[in-house]
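Single-letter residue listing:
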Amino acid sequence: MATTQIASAASQRLLLPETGRAGFGDALRSEFTKIKSTRSTYWTLLALVVVCVGIGALACAGTASHPQGVSPTNFDATQQSLAGLYVGQLVIAVLGALTITSEYSTGMIRTTLSVQPRRGVVFAAKAVVFAVVTLVIGLITSFGSFFVGQAILSSHHLSATLGEPNVLRAVIGGALFLTACGMLAYGLGAVLRHTAAAISATIGLLFVLTVLVQFLPQSWQDNVDKWMPAIAGSQIWTTKATGGPHLFSAWPGFAVLAGYAAVAIIAGLVCFRTRDA
Amino acid sequence: MIEARGLTKRFGDKLAVDQLSFTVEPGRITGFLGPNGAGKTTTMRLILGLDRPTRGSVTVHGKEFTKLAYPMHEIGALLDAKAVHGGRSAYNHLLCLAQTNGIPRRRVGEVLDLVGLTDVAKKRSKGFSLGMGQRLGIAAALLGDPAILMFDEPVNGLDPEGILWIRNLMKALAGEGRTIFVSSHLMSEMENTADHLLVIGRGRLIADCSVAEFIKRNSVQSVRVRTPKPDILAELIVAAGGTTVPGVGGALVAQGLPVHQIGDLAFENGIRLHELAPAQASLEEAFMELTADSVEFHAHAPGQQDSAQAGSTDRMHPTGVA
Chain A
1 MATTQIASAA
11 SQRLLLPETG
21 RAGFGDALRS
31 EFTKIKSTRS
41 TYWTLLALVV
51 VCVGIGALAC
61 AGTASHPQGV
71 SPTNFDATQQ
81 SLAGLYVGQL
91 VIAVLGALTI
101 TSEYSTGMIR
111 TTLSVQPRRG
121 VVFAAKAVVF
131 AVVTLVIGLI
141 TSFGSFFVGQ
151 AILSSHHLSA
161 TLGEPNVLRA
171 VIGGALFLTA
181 CGMLAYGLGA
191 VLRHTAAAIS
201 ATIGLLFVLT
211 VLVQFLPQSW
221 QDNVDKWMPA
231 IAGSQIWTTK
241 ATGGPHLFSA
251 WPGFAVLAGY
261 AAVAIIAGLV
271 CFRTRDA
Chain B
1001 MIEARGLTKR
1011 FGDKLAVDQL
1021 SFTVEPGRIT
1031 GFLGPNGAGK
1041 TTTMRLILGL
1051 DRPTRGSVTV
1061 HGKEFTKLAY
1071 PMHEIGALLD
1081 AKAVHGGRSA
1091 YNHLLCLAQT
1101 NGIPRRRVGE
1111 VLDLVGLTDV
1121 AKKRSKGFSL
1131 GMGQRLGIAA
1141 ALLGDPAILM
1151 FDEPVNGLDP
1161 EGILWIRNLM
1171 KALAGEGRTI
1181 FVSSHLMSEM
1191 ENTADHLLVI
1201 GRGRLIADCS
1211 VAEFIKRNSV
1221 QSVRVRTPKP
1231 DILAELIVAA
1241 GGTTVPGVGG
1251 ALVAQGLPVH
1261 QIGDLAFENG
1271 IRLHELAPAQ
1281 ASLEEAFMEL
1291 TADSVEFHAH
1301 APGQQDSAQA
1311 GSTDRMHPTG
1321 VA
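First to last, the protein sequences are chains A and B.
In terms of this note's numbering, the first sequence opens at residue 1 and continues consecutively.
In terms of this note's numbering, the second sequence opens at residue 1001 and continues consecutively.
A few of these clues could be false.
Said to hold, decoys possible - Heads up, simulated DSBU-like pairs for lysine-lysine below, C-alpha to C-alpha not over 30 angstroms straight-line:
#	chain 1	residue 1	chain 2	residue 2
1	B	Lys-1171	B	Lys-1082
2	B	Lys-1014	B	Lys-1082
3	A	Lys-36	B	Lys-1014
4	A	Lys-240	A	Lys-226
5	B	Lys-1082	B	Lys-1123
6	A	Lys-36	B	Lys-1063
7	B	Lys-1082	B	Lys-1067
8	B	Lys-1126	B	Lys-1082
9	A	Lys-36	B	Lys-1126
10	B	Lys-1171	B	Lys-1063
11	B	Lys-1123	B	Lys-1063
12	B	Lys-1123	A	Lys-36
Claimed, not checked - Some chain B residues judged to face chain A by a derived CB distance under 7 angstroms, without partners named:
#	residue
13	Met-1001
14	Glu-1003
15	Leu-1048
16	Gly-1049
17	Phe-1065
18	Thr-1066
19	Ala-1069
20	Ala-1077
21	His-1085
22	Arg-1088
23	Leu-1095
24	Cys-1096
Derived by calculation from the structure, the hints in this document are not laboratory data.
Heads up, the beta-carbon is just placed ideally off N, CA and C, and yes, glycines get one too.
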């Protein structure tokens, strides 16, 4: 193969800006290209939408088939239609973890950091791109689940509308909840650098802990379970305090989940910046 | 220009790189040689900031790599052709790298063309052969049109056509005034491509000189002689201060005496010569000689005791006949 002309040094200099430096905006564009150029992104996000809307629809259909047992004062039609988020949090955890662990499992991280060695920039750009993509798909998921669920419930006059108190906050909150769960997985992924380990740790924190606290004595449970990340964070996609009066309300509950995610992300950033790649 | 000063990297209790100081000068091909495990890859990772030095420093164009405004413009590296996400197409792989340094999209097409991957640009790279993966890695290194190119064992596992391609590419890049820093554990490869050599063993710098100087300094000049009376000539050579060993096919290999003196000895003593030829030890032999003590993993025949200090017996060179 002929390799006569690599590009003359003088003319190529024009390719690059005279001033400035490779920065955050460049990293954002790069990370967006990365996330949209792998199939796993599409499969995971498709799974997220299908699973959440599907489970929400099933839950609503179940209620609709036995409407006589439902007390309209206690029934949270919005939460019922968003029930798929219980599984959706695990799906988005997979994508959050993969966003960073796939760089390690493939070895791509060495290439990534040898073109942009400022690691904080890389870590932040990945986080922002993943968060924005998750929030957008999360909103589609959340609103999709809500409208499908309410359509099923409407035949029995159990449905809610976006205009009712707390409903819009809960539906948007569903997307925020997914984003926070994904960010938790992203942070843990940066700490653990291993896909299976990061997914297991996230599921452990979100799901297994939630189940385990059910086995505590009731008096302990009331003090412990409200601090569990998934239980606390889920309050943002409820419109009524159906889980009990001892739980946090919507925003404080979400702040607890966001706190877990923030700790994971800070730990991830520290690991990402200081460890040899 | 790459400058290392007292560069040291310790992994646990193992010193992978030990007090390395060297300068990779611009505009030529510098070969970075050493046996497997000598610390070549670690040194390159330190240059790129992938590993942090335990002590010492290394700079690219006078700056720490992480402080370079546009790193891809200064140095393009191929450390590991498999360091790509296999699920991404060649085009998208290069695009996401180009974007980090504000390199325009059209440059991606140019480098794909340059390495001959245009036809498979939209294919996912996990299906690529080793040679194609290597080309993709080189395309990535060339994206920023860098002044320095750094390749770690670029010909490893390639077929002869691929090796020739890389060799010619490196020469073309050097011909454009670029700095090439290329590692290898194969002396023969460097003999063909490099202008200058940095030789390391067990993390330490063993030699820093031109290829010609390296051979001159490290290889023993020997003379191959064929004669009907090898025993008599051998005695004369030893008496004159040289040494001899039996060569292939009844030849005699003499060391320590120049060619003309051996010819004179034979003439003066009436010994008929059928061949008298100077033999230059190859770079490969010089390299083996030099690094014999610093090879990390010696192969031993079954039953042989592992004696780390047995450097001289590990060498295949026969020592002189008395």
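Hint check results:
1. Restraint check for Lys-1171/B and Lys-1082/B: satisfied, since their Cα atoms lie roughly 24 angstroms apart, inside the 30 angstroms limit.
2. A distance of roughly 26 angstroms separates the Cα atoms of Lys-1014/B and Lys-1082/B; the hinted pair therefore holds under the 30 angstroms criterion.
3. For the hint linking Lys-36/A to Lys-1014/B, the alpha-carbon distance of about 41 angstroms lies beyond 30 angstroms, and the restraint is violated.
4. Proximity of Lys-240/A to Lys-226/A is assessed by CA-CA distance (about 16 angstroms); at most 30 angstroms being required, the pair is judged to hold.
5. Only pairs whose Cα atoms come within 30 angstroms are accepted, and Lys-1082/B paired with Lys-1123/B is accepted, the gap being roughly 15 angstroms.
6. A C-alpha spacing of about 34 angstroms is found between Lys-36/A and Lys-1063/B, which places the hinted pair above 30 angstroms, so the restraint is violated.
7. Of the supplied pair hints, the one linking Lys-1082/B and Lys-1067/B holds, its CA atoms being roughly 26 angstroms apart against a limit of 30 angstroms.
8. Distance hint between Lys-1126/B and Lys-1082/B is fulfilled; the C-alpha atoms sit about 9 angstroms from each other, no more than 30 angstroms.
9. Restraint check for Lys-36/A and Lys-1126/B: satisfied, since their Cα atoms lie roughly 17 angstroms apart, inside the 30 angstroms limit.
10. For the given pair, Lys-1171/B sits about 26 angstroms from Lys-1063/B by alpha-carbon distance, which is consistent with the 30 angstroms threshold.
11. Distance hint between Lys-1123/B and Lys-1063/B is unfulfilled; the C-alpha atoms sit about 37 angstroms from each other, more than 30 angstroms.
12. Restraint check for Lys-1123/B and Lys-36/A: satisfied, since their Cα atoms lie roughly 15 angstroms apart, inside the 30 angstroms limit.
13. Taking 7 angstroms as the C-beta contact cut-off toward chain A, the hint placing Met-1001/B at the interface is violated, the least distance being around 15 angstroms.
14. Taken as an interface hint, Glu-1003/B does not check out: its beta carbon lies about 17 angstroms from the nearest beta carbon of chain A, beyond 7 angstroms.
15. At a threshold of 7 angstroms, the smallest CB-CB gap from Leu-1048/B to chain A is about 5 angstroms, leaving the interface hint in force.
16. For Gly-1049/B, the interface hint holds, the least distance from its beta-carbon to any beta-carbon of chain A being 4 angstroms, beneath 7 angstroms.
17. The interface hint given for Phe-1065/B holds, since its Cβ lies 6 angstroms from the closest Cβ of chain A, which is under the 7 angstroms cut-off.
18. With its C-beta approaching chain A no nearer than about 4 angstroms, Thr-1066/B sits inside the 7 angstroms limit, and its interface hint holds.
19. Interface restraint check for Ala-1069/B: the shortest CB-CB distance to chain A comes to about 4 angstroms, inside 7 angstroms, so the restraint holds.
20. Hint status for Ala-1077/B relative to chain A: holds, with the closest Cβ pair at about 5 angstroms, below 7 angstroms.
21. Interface restraint check for His-1085/B: the shortest CB-CB distance to chain A comes to about 5 angstroms, inside 7 angstroms, so the restraint holds.
22. Given the 7 angstroms rule on beta carbons, the hint for Arg-1088/B holds: about 5 angstroms separates it from the nearest Cβ of chain A.
23. The beta carbon of Leu-1095/B comes within 5 angstroms of a beta carbon in chain A, closer than 7 angstroms, and the hint placing it at the interface holds.
24. Annotation: Cys-1096/B was flagged as interfacial toward chain A, and the flag holds, the nearest CB pair being 4 angstroms apart, inside 7 angstroms.
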